[in-house]
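Please build the complete structure, drawing on both the sequences and the hints.
Protein chains in written order, with the UniProt record's numbering: chain A, 1 to 239; chain B, 1 to 160.
Relax, there's no trap hidden among the hints.
List time: in silico DSS-like cross-link candidates among lysine-lysine, alpha-carbon distance up to 25 angstroms: (1) K184/A with K63/A; (2) K65/B with K28/A; (3) K196/A with K210/A; (4) K63/A with K105/A; (5) K163/A with K130/B; (6) K63/A with K22/B; (7) K7/A with K39/B; (8) K196/A with K207/A; (9) K136/B with K106/A; (10) K163/A with K101/A; (11) K184/A with K230/A; (12) K26/B with K207/A; (13) K39/B with K184/A; (14) K230/A with K26/B; (15) K196/A with K32/B; (16) K26/B with K203/A; (17) K32/B with K208/A; (18) K77/A with K164/A; (19) K7/A with K32/B; (20) K230/A with K210/A; (21) K207/A with K184/A; (22) K63/A with K24/B; (23) K163/A with K136/B; (24) K164/A with K106/A; (25) K208/A with K39/B; (26) K210/A with K7/A; (27) K9/A with K39/B; (28) K39/B with K63/A; (29) K105/A with K184/A; (30) K230/A with K106/A; (31) K63/A with K26/B; (32) K208/A with K130/B; (33) K136/B with K164/A; (34) K130/B with K101/A; (35) K230/A with K63/A.
None of these hints come from the bench; they were simulated from the model.
For reference, the chains in residue letters:
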Amino acid sequence: MIEIIKKNKLLTAVSLAYVFLFMAMPDKAYLSVKNSMYYIIEMLEIMPVIFILTSIIEAWVPKEVIINGFGEKAGIKGIIFSFLLGSFSAGPIYAAFPICKMLLKKGASIANVVIILSAWAVIKVPMLANEAKFLGPNFMGLRWILTVMSILIISYLMTVFVKKEDIPIGEEKSLSKATGIDIKEQYCIGCGLCEKLMPQHFKVIDKKAKWKESTLNDTQINELKAIIDKCPVKAIDFR
Amino acid sequence: MDIFTASLWGITGAAFIAALVKDKQKTFNSIKMARGMMKNMIGEIVGILFLIGLILTFIPPEVIKNILGESNLFISTVISALVGSITLIPAFVAFPLVGSFVDAGASIVPAVAFLTTLTMVGIVTFPLEKQEFGLKFAAIRNALSFVFALIIALTMGVIM
Ligand code: SF4
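Dropping the structure here:
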């Protein structure tokens, strides 16, 4: 029970306000519900669309292909790839950090990484549908155009101010020296993929993957390399 | 249901059927994943929707118009952008909230500023960003995003 309240602080507070209101000023409470009703109906109309769009994008946009082909892409093509990758990804901006870090290591430019991060944050296809619903298609369209232009300018300015040397890129460790696995808990979404693929090494506890200590031989290191690539949020790395 | 929503349903429905035909298992798997994401948000969504009712009932439109209206546009826009930078709610629930303010008479300029900084600028996630990309990258990216959020907002105000 306490867990549920903790997880839904806002909902709890609003519910309490309503309970109090229904006792103290029932007419105001009814009015509030009535005022909410319009937005609830609108939300119900758009939610299934967003839900299904998110699922379809997740399943059918070949993100792995985009990510893997990144190193060589430069110029206009790289910019377009960056926008696509950001726009078709799900999750909050910090979920993009490990993926962008990996792309930097693979040779992506700072400008493109900034584009991915920004597009990831503001331009999401299902969210555009939601925005158009509540604020109008014109509003959404104009904001989209202005945002894309701004992101391009920001990415250019960033390359002026920040050089690659300013970014702490962990030394590419030689794999034979790998002694174990590090899982960045703040990124792990507990999808369970790593456990499914290598139950002898990973276990998901409380929605976070844990590494089962063990010594590694060369075959295992190679197998682990595949999993590191597969983790959807790139939360796993060698230690 | 307006035309816009109806056509969205049409497009999504068609894409969904195509996805099902192509690979049923894969599609169902991704639905499962999306359902997990939704479950995490549903409490916040319901909370915000009912909060909108409270706001509209207890804050009269004149007050909203006064504070977020055309009169002191620049200050209200900067403050909205600041609020957007420090809050971390999913954009998903921000749209109906902002929509209700605009319906009540708020100007779109602070609304745009809030929506843009909400997603692009992250004070809460700043330590994480700094750790991954270094102080310089994180600081300059967030600062630039903040400035451009204001520019986007003011431009929208001029055009619309
Ligand atoms: S694959 Fe990645 S995100 Fe999924 S449980 Fe394992 S570490 Fe976490």
